[in-house]
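K.L.:
Listed here are the chains, written in short residue letters.
There are 2 protein chains.
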Amino acid sequence: MNTDEFRRDATDMVHYVADYYDTIRSRPVMPDVQHGFLKQLIPKEAPLQAQSYEDVKKDLEDVLKGILHWRSPHFHAFLPVASSFPALIADLIGGAVSSAPFSWISNPSGTELEVAMMDWLAQMLQLPSEFLFSSGGRGGGVIQQTTDDAVLVAIIAARARAVREHPDMTPGQTLDKLVAYTSAEAHSCIKKAAMLALVNIRLLPTDDNFSLRGQTLATAIKEDKSKGLIPFFLGATVGTTSTIGVDNLCELGKICEQENVWMHTDAAYAGSAAICPEFRHLLNGVEYSTSFSLNPHKWLHVTVLCCAMWIKDRELITETFRVDPAYLMNYNLQGDVKMPDFRNWTIQLARPFTSLKLWFVLRMYGVQGLQDRIRNDVKLAKQFESLVRDDHRFEIVAEVVLGVVCFKLKGKGNDVNEELLKRINDDRRIFLTPSTSKGVFYLRFCISVNTTESRDVSFAWEVIQEQTDLLLMPHSNGVDKKAKEI
Amino acid sequence: MNTDEFRRDATDMVHYVADYYDTIRSRPVMPDVQHGFLKQLIPKEAPLQAQSYEDVKKDLEDVLKGILHWRSPHFHAFLPVASSFPALIADLIGGAVSSAPFSWISNPSGTELEVAMMDWLAQMLQLPSEFLFSSGGRGGGVIQQTTDDAVLVAIIAARARAVREHPDMTPGQTLDKLVAYTSAEAHSCIKKAAMLALVNIRLLPTDDNFSLRGQTLATAIKEDKSKGLIPFFLGATVGTTSTIGVDNLCELGKICEQENVWMHTDAAYAGSAAICPEFRHLLNGVEYSTSFSLNPHKWLHVTVLCCAMWIKDRELITETFRVDPAYLMNYNLQGDVKMPDFRNWTIQLARPFTSLKLWFVLRMYGVQGLQDRIRNDVKLAKQFESLVRDDHRFEIVAEVVLGVVCFKLKGKGNDVNEELLKRINDDRRIFLTPSTSKGVFYLRFCISVNTTESRDVSFAWEVIQEQTDLLLMPHSNGVDKKAKEI
Numbered sequence: 001m002n003t004d005e006f007r008r009d010a011t012d013m014v015h016y017v018a019d020y021y022d023t024i025r026s027r028p029v030m031p032d033v034q035h036g037f038l039k040q041l042i043p044k045e046a047p048l049q050a051q052s053y054e055d056v057k058k059d060l061e062d063v064l065k066g067i068l069h070w071r072s073p074h075f076h077a078f079l080p081v082a083s084s085f086p087a088l089i090a091d092l093i094g095g096a097v098s099s100a101p102f103s104w105i106s107n108p109s110g111t112e113l114e115v116a117m118m119d120w121l122a123q124m125l126q127l128p129s130e131f132l133f134s135s136g137g138r139g140g141g142v143i144q145q146t147t148d149d150a151v152l153v154a155i156i157a158a159r160a161r162a163v164r165e166h167p168d169m170t171p172g173q174t175l176d177k178l179v180a181y182t183s184a185e186a187h188s189c190i191k192k193a194a195m196l197a198l199v200n201i202r203l204l205p206t207d208d209n210f211s212l213r214g215q216t217l218a219t220a221i222k223e224d225k226s227k228g229l230i231p232f233f234l235g236a237t238v239g240t241t242s243t244i245g246v247d248n249l250c251e252l253g254k255i256c257e258q259e260n261v262w263m264h265t266d267a268a269y270a271g272s273a274a275i276c277p278e279f280r281h282l283l284n285g286v287e288y289s290t291s292f293s294l295n296p297h298k299w300l301h302v303t304v305l306c307c308a309m310w311i312k313d314r315e316l317i318t319e320t321f322r323v324d325p326a327y328l329m330n331y332n333l334q335g336d337v338k339m340p341d342f343r344n345w346t347i348q349l350a351r352p353f354t355s356l357k358l359w360f361v362l363r364m365y366g367v368q369g370l371q372d373r374i375r376n377d378v379k380l381a382k383q384f385e386s387l388v389r390d391d392h393r394f395e396i397v398a399e400v401v402l403g404v405v406c407f408k409l410k411g412k413g414n415d416v417n418e419e420l421l422k423r424i425n426d427d428r429r430i431f432l433t434p435s436t437s438k439g440v441f442y443l444r445f446c447i448s449v450n451t452t453e454s455r456d457v458s459f460a461w462e463v464i465q466e467q468t469d470l471l472l473m474p475h476s477n478g479v480d481k482k483a484k485e486i
Numbered sequence: 001m002n003t004d005e006f007r008r009d010a011t012d013m014v015h016y017v018a019d020y021y022d023t024i025r026s027r028p029v030m031p032d033v034q035h036g037f038l039k040q041l042i043p044k045e046a047p048l049q050a051q052s053y054e055d056v057k058k059d060l061e062d063v064l065k066g067i068l069h070w071r072s073p074h075f076h077a078f079l080p081v082a083s084s085f086p087a088l089i090a091d092l093i094g095g096a097v098s099s100a101p102f103s104w105i106s107n108p109s110g111t112e113l114e115v116a117m118m119d120w121l122a123q124m125l126q127l128p129s130e131f132l133f134s135s136g137g138r139g140g141g142v143i144q145q146t147t148d149d150a151v152l153v154a155i156i157a158a159r160a161r162a163v164r165e166h167p168d169m170t171p172g173q174t175l176d177k178l179v180a181y182t183s184a185e186a187h188s189c190i191k192k193a194a195m196l197a198l199v200n201i202r203l204l205p206t207d208d209n210f211s212l213r214g215q216t217l218a219t220a221i222k223e224d225k226s227k228g229l230i231p232f233f234l235g236a237t238v239g240t241t242s243t244i245g246v247d248n249l250c251e252l253g254k255i256c257e258q259e260n261v262w263m264h265t266d267a268a269y270a271g272s273a274a275i276c277p278e279f280r281h282l283l284n285g286v287e288y289s290t291s292f293s294l295n296p297h298k299w300l301h302v303t304v305l306c307c308a309m310w311i312k313d314r315e316l317i318t319e320t321f322r323v324d325p326a327y328l329m330n331y332n333l334q335g336d337v338k339m340p341d342f343r344n345w346t347i348q349l350a351r352p353f354t355s356l357k358l359w360f361v362l363r364m365y366g367v368q369g370l371q372d373r374i375r376n377d378v379k380l381a382k383q384f385e386s387l388v389r390d391d392h393r394f395e396i397v398a399e400v401v402l403g404v405v406c407f408k409l410k411g412k413g414n415d416v417n418e419e420l421l422k423r424i425n426d427d428r429r430i431f432l433t434p435s436t437s438k439g440v441f442y443l444r445f446c447i448s449v450n451t452t453e454s455r456d457v458s459f460a461w462e463v464i465q466e467q468t469d470l471l472l473m474p475h476s477n478g479v480d481k482k483a484k485e486i
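Line by line, the protein sequences give chains A and F.
This note's numbering puts the first residue of the first sequence at 1, with every later residue one more than the last.
This note's numbering puts the first residue of the second sequence at 1, with every later residue one more than the last.
Everything labelled a hint here was simulated from the structure, so no lab data went into it.
All values derive from a computational prediction rather than experimental measurement.
It cannot be assumed that every hint is accurate.
As the list claims (entries may be wrong) - Chain F is faced by these chain A residues, among others (derived, beta-carbon under 10 Å):
| hint | residue |
| --- | --- |
| 1 | Phe6 |
| 2 | Ser26 |
| 3 | Ile93 |
| 4 | Glu112 |
| 5 | Val115 |
| 6 | Gln145 |
| 7 | Thr146 |
| 8 | Ala160 |
| 9 | Arg161 |
| 10 | Leu204 |
| 11 | Thr219 |
| 12 | Ile255 |
| 13 | Cys307 |
| 14 | Met329 |
| 15 | Thr346 |
| 16 | Leu370 |
Claimed, not checked - Which chain A residues stay away from chain F? Per the calculated CB distances, all over 10 Å, these:
| hint | residue |
| --- | --- |
| 17 | Arg202 |
| 18 | Ala220 |
| 19 | Glu223 |
| 20 | Glu462 |
Stated by the list, open to error - Lysine-lysine pairs mimicking DSS-like chemistry, simulated, CA-CA at most 30 Å apart:
| hint | chain 1 | residue 1 | chain 2 | residue 2 |
| --- | --- | --- | --- | --- |
| 21 | A | Lys57 | F | Lys338 |
| 22 | A | Lys338 | F | Lys422 |
| 23 | F | Lys177 | A | Lys191 |
| 24 | F | Lys422 | A | Lys191 |
Beta carbons are placed, not taken as given, at the ideal position from N, Cα and C, and that holds for glycine.
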């Protein structure tokens, strides 16, 4: 494919993408396919001869018929995964230059733009200056691929610190005594990170607001120390996946400081809301964090993968992650700032030019544009909450903090609520996912894309009510109502 | 930005990218910038108000002036990082739908296309059928982000198996006894993976061809077992970064089989060459690997990040990496094949739709197109090797197996060769990186992009000869020659 063909075919794909967005409401959000459906459509082997763009495009529709449409305004599942036109445009040039910013020399602009963007974001979030490069201290930010990476990097660095602090024991002896903590409501990536780091982790109970409190942590630490164990890591959460529960960072942070416990704060989704002054309080206590992360690929319009992570003392990571082989030559350049070699902050050596996407997105939306998105999502979630509260059959399971509403059929058991969810999704007009907290199963309604409007919230509620009618009053006119609409 | 604006601005960026490729020869491959240069060009804070695409584009040129141009035909450093027009086109639609294939339900097409593409690639490489999903066995492939991820996943899974196999000991007691092996020439990611997994690793010496041999491993294992240690992992390499050295997989694999050692084979760069029958021998012995990986983002035209990893028994990974929280609801659908939930094969939960890129690339190049690329690169490397051999001042350091030539000034010490490299790069017309093996520093010349032509190889050699003249005969007419050309 030469540049002329690229001009033609990539332009065609730009219009294909725009058409996809223009017509997305007409696609069922959830595809009607079965395990193995694609086997019939994809040849068993790669073609020997080159095929044309047109050949591939012809089959693309088959593939798109089998995807879950995360961009649909009727998608209300999980947590948002971002996409935006500025990010797609930035991906074009970022992918085209393919200049990997693993050291300063391997992509000077890429390294320095990452430094600048991490400081921009930190300022937008009003993070303590210790987390900023521009403070001239030991702190700074880095783009990780995902929260899983950020948490794994943090727990491995914390483990390394604990091993160093116990020179009288072998690493394995220390490892057997280490205890990490997180709340029972925290994302599974924290438990997974502990599994991968081969350390014990305790899932601590939360209060009635699904928030981990200081006293709970203090008691657990005391218990464990009395057994001769070594508490070393806390995975705190601002905005759990299940209910958007917010741990009490101030209470927890003070204890972690006293007890020499590394507090990593995972604010993957909810952290972005802190760019709005009225939601900044969610990050109160973030100043106690040893490290902190959130995902611009969730709520800040940057396509996957983009997790922003900050640390107060970057050497805590780099001294654990540094390898300096001869073939990754770097020049020890002198300038007014010592620039980071980001490969020593991450698991991965190869890295995409993700800072370019942040730069396009932050400029083309502006801080106000990004705030508008968050405020609008929260407003729509509140609209949904009102609808739920107005129906006596339902109850709200957790305070609606941001763009997620947790609800269930009042007085009904898990099985009935599970059946309701199944019926809603089988209907295929909207898509929701559930969660379980303290043994109670509930449905979650998430505002996922910035094209969701008030009418989409109303539409979703109508579908849910219809399915509820059918479930609870199978012989009523609920059936007729549905029949009419089809 | 609405879809009309996207049509206009993204089309403009398509042409910007095409123009970049059309004019790349006119850009100095290595930018003339100092640490901190971008600080002058980037405001200290993100803008409050949205800015236009035109605003950002105006500043983009400043950013591009500060990147290392990995796409330049004069870039001969490191190993290739791929980019291609089909991959850029696929990224547009993949990023636009943003449908994360972490479970079957979260993106059915994404999951099934990944299954199909991993089988396509495995067949192209003539991997043993045990590695293919279509064999109906326990094997299969998965897209990891990078080799670092693949190796870390493998070593963590191997460690978990070792811990399970020693139920009489605590995990820490087992950990203290575990020993991993790799060659002194292996990529730093293997050493890094061992550091992150908190296990000991021994870097074993290679033979004169920079190949790790069976006898060396056997001796090390015997030594370690006699000390009561537990050998559990070998990171074998097909195509080291330094010299493209190839470990003897047949010898090593038999020992690993006998000794219950997990052999992960890292063929990040060189593995792709095995799609050409004449290079398939490089993978002889791959059948002994417990797991195997290579990077389509190196030599198969897929933009970063894309590492293909196969495993003979996928449960070895999934039983270590599985977390199944309620909010990642899946339907236990019945179909003709049980489809994988790829989140349990990887560190990351969020995953881009990378299989779409593989699909576009494999179809739009075809197997023959991909073979042509590899053969052409090897031919150009051989051309460079001839030029070096014809100059009595130089020597070839390692057999030229694929697209990398390692060379140095004959009879000169590391300091002189380091100085030569510095002068070549300071000249800024071409860019090379070095390596060191067995204490000897040398220069590496890599064919990095598919637009490199025979004339670019000749040009690079002229630059190197000029700088050599200047270095070795500073008072000769080498200076005049350079002055004339400028």
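K.L.:
State for each hint whether it applies.
P.N.:
Outcome of the hint check:
Contact between Phe6/A and chain F, as hinted, is supported at the beta carbon level, the nearest pair being about 4 Å apart and thus within 10 Å. Of the supplied interface hints, the one on Ser26/A is violated, with its beta-carbon coming no nearer than about 15 Å to a beta-carbon of chain F, more than 10 Å. Against a cut-off of 10 Å between C-beta atoms, the interface hint on Ile93/A holds, since the closest Cβ of chain F lies about 6 Å away. At a threshold of 10 Å, the smallest CB-CB gap from Glu112/A to chain F is about 4 Å, leaving the interface hint in force.
Hint status for Val115/A: holds, given a least beta-carbon distance of 8 Å to chain F, under 10 Å. Taking 10 Å as the C-beta contact cut-off toward chain F, the hint placing Gln145/A at the interface holds, the least distance being around 6 Å. Taken as an interface hint, Thr146/A checks out: its beta carbon lies about 4 Å from the nearest beta carbon of chain F, inside 10 Å. A least Cβ separation of about 8 Å between Ala160/A and chain F falls short of the 10 Å threshold, and the interface hint therefore holds.
At about 13 Å, the closest approach between the beta carbon of Arg161/A and any beta carbon in chain F exceeds 10 Å, and the interface hint on this residue is violated. For Leu204/A, the interface hint is violated, the least distance from its beta-carbon to any beta-carbon of chain F being 16 Å, above 10 Å. With a least beta-carbon distance of about 25 Å to chain F, the hint placing Thr219/A at the interface is violated under the 10 Å criterion. Evaluation of the Ile255/A hint against chain F yields a violated restraint, the C-beta minimum of about 26 Å exceeding 10 Å.
At its closest, the beta carbon of Cys307/A sits 8 Å from a beta carbon of chain F; the interface hint therefore holds under the 10 Å criterion. With 10 Å as the threshold, the beta carbon of Met329/A comes within range of chain F, its nearest partner Cβ sitting at about 5 Å, so the hint holds. For Thr346/A, the shortest C-beta to C-beta distance to chain F is roughly 8 Å, which falls under 10 Å, so the interface hint holds. Evaluation of the Leu370/A hint against chain F yields a held restraint, the C-beta minimum of about 9 Å falling below 10 Å.
The non-interface label for Arg202/A is consistent with chain F: the shortest C-beta to C-beta separation is roughly 16 Å, beyond 10 Å. No beta-carbon of chain F is positioned within 10 Å of the beta-carbon of Ala220/A; the least distance is around 21 Å. With 10 Å as the threshold on Cβ separation, the claim that Glu223/A sits away from chain F holds: the shortest Cβ distance comes to roughly 20 Å. Here Glu462/A stays apart from chain F, with its beta-carbon at least about 23 Å from theirs, past the 10 Å limit.
Between Lys57/A and Lys338/F the CA atoms are separated by roughly 28 Å; this keeps the pair inside 30 Å, and the hint holds. Between the alpha carbons of Lys338/A and Lys422/F the distance comes to roughly 21 Å, so the proposed pair stays at or under 30 Å and holds. At most 30 Å may separate the alpha-carbon atoms for a hinted pair to count; Lys177/F and Lys191/A meet this at roughly 25 Å. Distance check on the hinted pair: Lys422/F and Lys191/A sit about 47 Å apart at the alpha-carbon level, beyond 30 Å; violated.
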